[in-house]
Amino acid sequence: MKAKISAVALAAAMAAGPVLAQDSLTVALQLEPPHLDPTSAAAGAIDQVVYANIFEGLTRFGPDGSVNPGLASSWEISEDGLTYTFHLVEGAKFHDGTDFEATDVVFSLDRARGEDSVNAQKTLFAGIESVEAVDPATVKVTLSAPDGLFLFKMAWGDAVIVAPESIDDIKTAPVGTGAFTFDGWVQGDSISLAKNPDYWGEPAMLDAATFKYISDPTAGFAAMMAGDVDAFVAFPAPENLPQFDADPRFKVLIGSTEGETILAMNNGREPFSNKLVREAVAHAINRQDIIDGAMFGYGTPIGTFFAPHNPDYVDLTGLSDYDPEKSKALLEEAGVALPLKVKMTLPPPSYARRGGEIVAAQLRAVGIEPEIENVEWAQWLENTFRNAHDYDLTIISHTEPMDINAYANPDYYFQYDNPAFQDVMAKLDVESDPAVRSELLKSAQTMLAEDYVSGFLFELPLHTVAKTGVEGLWVNMPTQATDLTGVYWEK
Amino acid sequence: MSLAEETSTTAMALKNRNLLLGGALTAVFLGAALLSFLWVPYDVTQLDIANKIKGPSAAHWLGTDHYGRDILAMIMVGARTSIAVAVVAVGIGMLAGVPLGLWAAARRGSLLDEVIMRGNDLVFAFPSLVIAVMITAAFGPSATNAIIAIGIFNIPVFARITRSGALTLWSRDFILAARVAGKGSARISFEHILPNVLNLLIVQGTIQFSLGILAEAGLSYVGLGAQPPIPSWGRMLADSQTFISFAPHMALFPGLAILLTVLGLNLMGDGLRDLFDPKLRRGRT
Amino acid sequence: MLRYTLTRFLSLCLSLAVASVVIFFAIEVLPGDPASIMLGVNAQPDTLAALRTELGLDQPMVARYFAWVTGLLQGDFGISYTYRTPVAQMIADRLAVSLPLALFSLALTVVIAFPVGIWAASRRGSVSDVSIMGLTQLGVAIPNFWFAMLMVLVFAINLQWFSAGGFAGWDAGLLAVLKSLTLPAIALALPQASILARVMRSALLDTLSEDFIRTARAKGLTRRQALWRHALRNALIPVLTIIGMQFSFLLAGGIIIENVFYLPGLGRLIFQAISARDLVVVESVVMLLVFAVILVNFLVELAYAAVDPRLRAR
Chain A
1 MKAKISAVAL AAAMAAGPVL AQDSLTVALQ LEPPHLDPTS AAAGAIDQVV
51 YANIFEGLTR FGPDGSVNPG LASSWEISED GLTYTFHLVE GAKFHDGTDF
101 EATDVVFSLD RARGEDSVNA QKTLFAGIES VEAVDPATVK VTLSAPDGLF
151 LFKMAWGDAV IVAPESIDDI KTAPVGTGAF TFDGWVQGDS ISLAKNPDYW
201 GEPAMLDAAT FKYISDPTAG FAAMMAGDVD AFVAFPAPEN LPQFDADPRF
251 KVLIGSTEGE TILAMNNGRE PFSNKLVREA VAHAINRQDI IDGAMFGYGT
301 PIGTFFAPHN PDYVDLTGLS DYDPEKSKAL LEEAGVALPL KVKMTLPPPS
351 YARRGGEIVA AQLRAVGIEP EIENVEWAQW LENTFRNAHD YDLTIISHTE
401 PMDINAYANP DYYFQYDNPA FQDVMAKLDV ESDPAVRSEL LKSAQTMLAE
451 DYVSGFLFEL PLHTVAKTGV EGLWVNMPTQ ATDLTGVYWE K
Chain B
1 MSLAEETSTT AMALKNRNLL LGGALTAVFL GAALLSFLWV PYDVTQLDIA
51 NKIKGPSAAH WLGTDHYGRD ILAMIMVGAR TSIAVAVVAV GIGMLAGVPL
101 GLWAAARRGS LLDEVIMRGN DLVFAFPSLV IAVMITAAFG PSATNAIIAI
151 GIFNIPVFAR ITRSGALTLW SRDFILAARV AGKGSARISF EHILPNVLNL
201 LIVQGTIQFS LGILAEAGLS YVGLGAQPPI PSWGRMLADS QTFISFAPHM
251 ALFPGLAILL TVLGLNLMGD GLRDLFDPKL RRGRT
Chain C
1 MLRYTLTRFL SLCLSLAVAS VVIFFAIEVL PGDPASIMLG VNAQPDTLAA
51 LRTELGLDQP MVARYFAWVT GLLQGDFGIS YTYRTPVAQM IADRLAVSLP
101 LALFSLALTV VIAFPVGIWA ASRRGSVSDV SIMGLTQLGV AIPNFWFAML
151 MVLVFAINLQ WFSAGGFAGW DAGLLAVLKS LTLPAIALAL PQASILARVM
201 RSALLDTLSE DFIRTARAKG LTRRQALWRH ALRNALIPVL TIIGMQFSFL
251 LAGGIIIENV FYLPGLGRLI FQAISARDLV VVESVVMLLV FAVILVNFLV
301 ELAYAAVDPR LRAR
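Protein chains in written order, with the UniProt record's numbering: chain A, 1 to 491; chain B, 1 to 285; chain C, 1 to 314.
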C-alpha cells in the first residue's frame, strides 16, 4: 500500500514541473494535516485539503457562507420539520469508480453518529433519529426534534459522504466524489491532487493542484517571493502584506473568517469570577493598538462574541472602550490587591502570542501583572481547554461558524454559568422564525458584552497572497476550506 | 627558524591579543548587563505601537522593534538573560560534573569509574536540542527550564575533563606523598587534585559559557527560552524574522550581540589557556 | 582484543537498554493526551475513549514499553498515532532529506577545513595564519540560524539563486536538490568547518613537534615537506574522530536549520511529533539517534584499540 502511495507521489512530483504551470497550482498552507479523514479528526488542516475538492456532503458552503446544494440536488422538508427527503445528484461516482448511491449516505451518517464513532463533531448528528435509503437516488432523514440548522450542519466537513468500499484506507488514500482526486502525499512537504475527469458536475479548471506546507512565516514569505508557490492561503505574517501589495507580481486578498479572537477569562475562579475585575480588564484593553501591533492594522474590532459580517451582529464595542482610568477605579472598587498577579496562557498562533504581549503590557499599565506562558496546542488543550481549566487568561480565536452557544455550557473553559443566557440559547435551538431568531441572537450578544465574560478583541481576518493571474480563490473563510474547484489562471 | 624562536615573539603577541580583545568584548557585554540594572534608554516592558519598526535614529540608536521597543535597551536587558542562563548552566555542570570526575579518577578502572564514564557517554549520545524540547514540553518553556536543559549537557563535559586532568595527577609524586601520609582519596581529591585542575576548569568554563550563550539563543529562537516580557537575544531574532526583508536592523543587532559575546568569550578562553599552559599555545580545538 | 570487544559490546547493549528506558518513560509522562489533540475541542468523552482504545493507549505503561522494545528489536518502529503509517517508513522518508543534508554539510566541512587547516599550520604565525584563525573564531561564534536568515535574505529573496526553503524531492533532479540543500548545508557547515580547521591545525602542529618529525627534519626535509609527508597522516586520527562526532551531530543537530528552511527532515519530524504528542514517533526517532551516536562511539573505540593496544588495558 505504502509503496503504491509513494510511487504515485513520485509521479506527481515529476508531473508538477514548471512546464504545466498554467494548468496547475501550488497553494501554500501553514498546517499539514495528520491524515486525510475529515470524519475522524478535528484538524481544520484536513478540511483545508479535502473539503469540496475531494469530499462532498449533501449540502455545501458557498464562498459567502451560504448553504447550497451538494450531493443532494434538492430536498423537501416535512410540515413538522422532522423529515428531510434528499434527492441525490445523478451520475456521481466515487474516485475508485464505484457509484454514489443513497446507501453511501446512510453508511456515512450512521457511521458518524454510531456508538464507536470517532467523529470530532458528533453533536452535529445527535438530532438524527434515523436515515434510510428510499431508492438509489433518494434518502430520508428523520430528526427527533425540529432543527433550523440541520442543512447547515450537513454542510460541515465532518458530514461529508464516504463510501464503505474505500473507508479502510481513507486516512492515507481518500476516495470521494469531488472534482479532484487524491494524487499523493510527500509527508512533511506536500499533498497533490489531480483533476477528476469523470466529475458529475462542473469540472475543475486546473489539471493538478499541490498543497505545500510551510509553517514558518518567514519561509512562507521567501517561498512566495522566490515564486516557489502560486498562492498562500491564510498568510501568517500580516507585516509582509504591504510588500506583496506593492509588488505587481502579486495580489493580496483580504477577507474575513468566522474567528472571534477573544481574551478568555476564567469566570470560574478568583480574580475573574468578579465581574468588576473583568470589566476593569475590558477597559484596560486598547483594541486598536492590538490590531495595529499584532495584526498590522488588519482585523475588525468586536465588542461581543459574534462575527461583524453577520447581519445579526450588534456593535457593542462602546461597552468596553479603552479607558485605563476607569479600569483602575473598577479595580479599586473590586477591592483587589495591586499588583494583581495572574497567569496568561498563550497558544502558538502569532495573533495569540503577539496579541498576548500587547495585552499584557496594557494590563500592566493598570496594575494587573500577567505572567505569560507560551504553550503548544497539546498543553493548551489539556490544561486550559479540556480538563483542568487551569488558567486565568488566554487568547484564542474561535473559528467555528455560529458558535455563540459555547457560552451556554457552564463546563466550557469560560466557566460562565448564566441561566438567563442558557435560556436564550435553548429557545434559539427550537426557534425557526428568522425575526425571533435575530432578536434572540442580539439579546445573547448584549448579555455577553454586559457581563464582560471575555475580553472581545477582533474578528480574525483572512489574508491570501496569490500570484497575479490566479483567479477564483475564496476571499473569505466561512468554513475551513481551500475550495479549488473554481480556481483558474487568467490567460 | 627553530621551534624555540617560534614560540616566542609572534605567538606571544597573539596570546595577548586574544586575551585583551576577548576580555574587552566580554567586559562590554557584562558591563551592558550590569548597567541595565541601573539605567536603560527606554523601559523594555512599555510598548509604543505608534513608533514600531523604526530604523536607527538619534532617539533610538539601534532603532525600534515591532512593538516600538528600543532595541538597544532590549539588547542590554537581554544580555542579563543570556549571561544568567549560561552562568547557572555552567554552575550546574561544574557542581555535578567536577565531583563525579574526581570520584571516577580516584577509583580509576573500577566499576564505579566505568559506570560514571558510560553514563557520561550516554548523556552525550542524546541529541541536546531534542531533550530541551522535551523538557520544555513537559514543564513549559521558561528560562529555568532552558538552564536545566543546557546544564545537564554540561555535566559530562566537566566530569570528563576533570577526570582526565586528575588521572595524570594521580601518578605524580606529590600525590604519592600525600597517600603515604595516610590521607584518604576523597581528601586528596579535594586538597591536592582539585586545585591543580582548576586552570583546566576555568578554561573549559569559559568555553562552556560561550556555548551556553549560543544554546540559550537557539532555544529562545525556537521559543523555548525566557518568556516575554523578559527580553532575550534569541527571541529577538525569532521575532525579527518576518521583518528581515524590510527592517533588517531588527535582526542585525541582536545577532551581532550574540556573535560578539561568544567571540569574546572564546578568545578569552584561548587567552587564558595560553596563560595557564604555554605549551598548548596553539589555539583551541 | 576479543575480550575487549566483548566487554565494549556488552556495555553498548547496556547503554542502549538504559537509554530505551529513559527515553520511553520520559516521553510517556509528557502532559498532553494524543487522542484529545487529534480530535480537537469539540470531541465527546466516548469518542476520545474509542480512539484511545484504537491507539492502544488504554494499556498499562510497562506493557507498552515492552511491546515497543520488542518491536524495535525486530525492526518494527510502531505505527504513528497521528499519521497512522509505519514509523519506519516516516523515518526513511525524512532520512532521504536529513542524510544527504548531513553528508553534504560534512563534505563542505571537510573541503573547507582541510586546506584551511593545513595552510594555517604550514604558515604558522604568519599574517595569513593569524587572519585565518581569526575567521574561524568568527565561524565558531556565529549563531548558525542567524547566519541562515541572512543568507536567505541575500541569496534566496534578493538574488534568487537558491530556494528559500523546502525540498523538491529527489525526482525533481539533482539541480533542484542542490538548490534546496546548499544554503542549509552551508549554514550547518560553517561552524563545523571552523572547528575542524582549528583541530586540523593544532593536530598538525602537535605531530610536527614530535620526535620522528624532528628526525625527518634533521635528515634535511624542509618543514613543509615534513608536514606533507609525515605529519598529515598522523594528524588524521584526531581529525577523523572529530568528523565522526560531527556527523552524528549534523544528523540530529539540524533541527533549527531544518526549521529555518522548512526542510522535511528528522529534526522537524521530532518537533512536529512532540507538539502533536505522537509519542511513538518521538520515542523511536530519539532512540534511533541515540543508537547512531552510541554505535559511532563504539566503532571509534574499537578502531582506537586496534591501533593502540595500551587502550585495551584501561
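Calculated from the structure, these hints are not laboratory results. Just to be clear, a hint being listed does not mean it is correct.
[Stated by the list, open to error] Over the 10 Å line for every Cβ pair with chain C, so calculated as not near, a few chain B residues:
| hint | residue |
| --- | --- |
| 1 | Ala32 |
| 2 | Lys54 |
| 3 | Thr144 |
| 4 | Ser185 |
[Said to hold, decoys possible] Calculated pairs, DSSO-like style, for lysine-lysine (alpha carbon to alpha carbon, straight line, at most 30 Å):
| hint | chain 1 | residue 1 | chain 2 | residue 2 |
| --- | --- | --- | --- | --- |
| 5 | A | Lys467 | C | Lys179 |
| 6 | A | Lys251 | B | Lys52 |
| 7 | A | Lys153 | A | Lys442 |
| 8 | A | Lys153 | A | Lys195 |
[Unchecked claim] With the C-beta cut set under 8 Å, the calculated list includes, among others, these residues of chain C facing chain A:
| hint | residue |
| --- | --- |
| 9 | Gly32 |
| 10 | Arg124 |
| 11 | Ala156 |
| 12 | Gly165 |
| 13 | Phe167 |
| 14 | Gly169 |
| 15 | Arg277 |
Cβ atoms here follow ideal geometry from the backbone N, Cα and C, with glycine treated the same way.
(request) If any of the earlier hints don't hold here, list their numbers in rising order. (result) Checked against the structure, the only hint that fails is number 10, while the rest are satisfied.
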